[in-house]
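Undergrad: The primary structure of each chain is shown beneath.
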Amino acid sequence: MAQLKLTQRCEQIRGLDTAWLEGGNENGPIMLFMHGYPDTPESWSSQFPHFLEHFHVIAPYSRGTFPSAPSKQVRRYGNPSTALDYLAILDRATHGNRNKPVIAVGHDLGAVHAWYLSNLLGKRLKGMVVINGLSVPQMASRLTQFQQQKKSWYIYAFQLPRLPELVLRRFPGRLISFAHRQAKLRPDLRPRIAHTVKGLVNPVNQYRAHVRMLPWELGERAPVVQAPVMVLWGENDPFLINPRHDEIAAYARNFTIRMLPGSHWVHREKPDLVNQLIGEFAQQSLETHA
Amino acid sequence: MNLVERVASRVNALPILNRISPSAVGAHSEEAQQGYLKSQRLALQAAREIKAMLDEGWTEKRTARLMDTWLRDNGVHNFFHHSFVWFGDRTRFVGVKSYGDYGPGNNVLQEGDSVILDVAPIVDGYISDIGFSYCLGTNQEYERGRKLLCDLRDKIPQIVNGSSIGREACAAVDELIRDAGFDNIHETYPFKVLGHRVHQVKDQTAQFHYLNFGWQSFWAFLSRGLFGQLMNENHEGPLAGLWAIEPHIGGKGWGAKFEEILVVDENGARWLEQDSTQNSVAP
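Chain order of the listed sequences is X and C.
When the letters of the first sequence are read in order and numbered with the numbering used here, they come out as residues 1 to 290.
When the letters of the second sequence are read in order and numbered with the numbering used here, they come out as residues 1 to 283.
Pulled out of the complex, with its shape left as it was, chain X reads as follows:
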């Protein structure tokens, strides 16, 4: 029976409160939505109603995004801890049923998490949708590209100790509005909850963790994702240059790249188109890899 409303759950995972939204058809395949920064699962609010009827929808709050508790240790915001959190959430949401197929959907930093998680879900992963986001090794391969470095100035700024937190606490609304204006995201499409200070300050540590863990991440040589991957990309992204075919080919066996008219938050700007593409991709992936 589909539960057409999402409920918020919060449980202790390895000592920290970890929250997620959950709802939809509990007997259906899982659609795991992973948000980016400075967002919360609310950024998927235009997608949820479309998928609740047929999918068991799960949308975690990333580490430090209220009400997922912050940690004093930066490494707790990194990919390994986040992957353990998300695997634990999947286990709790499905009562330990590891046979349920999963479609992973990630945007921005959520795409970083999705790429990392894709190698850990085994045959459960039937497909992955990546929206304007890259894995850590893919992003690292752009270190030599001046255009990307210019767009990534904020990643470097976030590496400074304390200063980003001070500025974000002092001017939370203005900074988020600045980011949304950069992306030309219409005010009525901007996610509401991102304006809260709690959702804004702590997840900055995710950028620090990814940079600090870069040597390990590059040394791991992630295997190629076997499940189909669809990259949806708003072509006017002020934070990321457009993806190249070879960038994705190095990490995915079977993939498509769809360039869409839009910006960084293309899933909010063109929800009907994005929902249709995700829906068709999910259906095809589930049928082909049943």
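By construction, these hints were calculated from the structure, which means they are not laboratory data.
Don't be surprised by glycine CBs; every beta carbon is placed ideally from N, CA and C.
You may find that some hints are simply not true.
Restricting the straight-line Cα-Cα distance to at most 30 Å, the calculated cross-link-like pairs of lysine-lysine (DSBU-like) are [what the hints assert, rightly or not]:
id, chain 1, residue 1, chain 2, residue 2
1, C, K38, X, K72
2, C, K61, X, K123
3, C, K147, C, K51
4, X, K72, C, K61
5, C, K51, C, K252
6, C, K61, C, K252
7, C, K202, C, K147
8, C, K202, X, K72
9, X, K184, X, K150
10, C, K61, X, K100
11, C, K51, X, K72
12, C, K202, C, K97
13, C, K252, X, K123
14, C, K51, X, K123
Listed next, with one range per pair, are the computed distances between beta-carbon atoms [claimed, not checked]:
id, chain 1, residue 1, chain 2, residue 2, range
15, X, I241, C, G95, 37 to 47 Å
16, X, T144, C, E175, 20 to 30 Å
17, C, G181, X, T288, 42 to 52 Å
Following the hints, put chain C in place on chain X, whose structure we already have.
TA: Below, chain C without anything else, positioned relative to chain X:
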């Protein structure tokens, strides 16, 4: 070299070494044993949690990193050694030619592969060292090997009780493995160890590791004369104390081991973990 090692295995009795690091030989207090047990249980819990998540497509490196992460998230700051993870025929060290090759690699887990998880965290200053084996899928010969590991766990306390020196215990374990038709893989470990002593150390914040081993492991062994800390075919010193015992067997294309702490004191030898649902051979 054997003669040198035999003499060296008595070096830890030199008074000068006792002034550098307290001897690990002899009885441990009840409080200390509880400390070691807490450390061992946490390590085994980490292995079981990771085992429950393991799936096709995981690499040895990523599995090792996730197991270390799980332990760090649960309060571990330092490691005697970080996680070693081996999949498939690497569980019997196929392709391992140097010390560097023992570390986790980019091998990808596939259906039917055997898996070994081996980690040694330091919890509140107490070192534990565990080994846990598993097979993704079914393999009848592997199942027979697992039964042998369970037998070995039952018999090792009696073997140690009947041995006055480590050399005799090693020979008896080796005989059991070969009689059952399997290969003795721990014979290929550095110094061919069946086990090593575990120690209490300061839970330092400084972290440095080489070949996956934390600096405290080098200090704990070397400052006590090394050879007396290792149970191998050349061990001649006293057996009293705490030992991480790690019999490792191999068959065609697979290996399996267990590792946990054995207490040897005036009451004889017994496993530190008495709860049969929590030991290293429990599923």
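Undergrad: Sort out whether K252 (chain C) lies within 30 Å of K51 (chain C), counting only the CA atoms.
TA: The given pair, whose Cα atoms are some 22 Å apart, holds under the 30 Å limit.
Undergrad: Sort out whether K61 (chain C) lies within 30 Å of K72 (chain X), counting only the CA atoms.
TA: 26 Å, holds
Undergrad: CA of K61 (chain C) to CA of K100 (chain X), is that 30 Å or under?
TA: 26 Å, holds
Undergrad: Given the hint that K202 (chain C) pairs with K72 (chain X), does the C-alpha gap stay at or below 30 Å?
TA: 23 Å, holds
Undergrad: Please verify whether K184 (chain X) and K150 (chain X) have alpha carbons no more than 30 Å apart.
TA: 18 Å, holds
Undergrad: Decide if the proposed pair is consistent with the structure: K38 (chain C) and K72 (chain X), CA atoms, cutoff 30 Å inclusive.
TA: Holds - the C-alpha atoms of K72 (chain X) and K38 (chain C) are around 24 Å apart, at most 30 Å.
Undergrad: Take the C-alpha atoms of K252 (chain C) and K123 (chain X), compute the straight-line distance between them, and say whether it is at most 30 Å.
TA: 27 Å, holds
Undergrad: Quick one, are K61 (chain C) and K123 (chain X) close enough, alpha carbons at most 30 Å?
TA: 20 Å, holds
Undergrad: Holds or violated: K202 (chain C) with K97 (chain C), Cα cutoff 30 Å?
TA: 34 Å, violated
Undergrad: Range first: 42 to 52 Å. Now tell me if the beta carbons of G181 (chain C) and T288 (chain X) are that far apart.
TA: Holds: the Cβ-Cβ distance is about 45 Å, inside 42 to 52 Å.
Undergrad: Going straight from one Cα to the other, do K61 (chain C) and K252 (chain C) come out at no more than 30 Å?
TA: 24 Å, holds
Undergrad: Has the given pair, K51 (chain C) with K72 (chain X), been kept, meaning a C-alpha gap of at most 30 Å?
TA: 28 Å, holds
Checked against the numbered hints listed earlier, the structure breaks hints 7, 12, 16; every other hint is satisfied.
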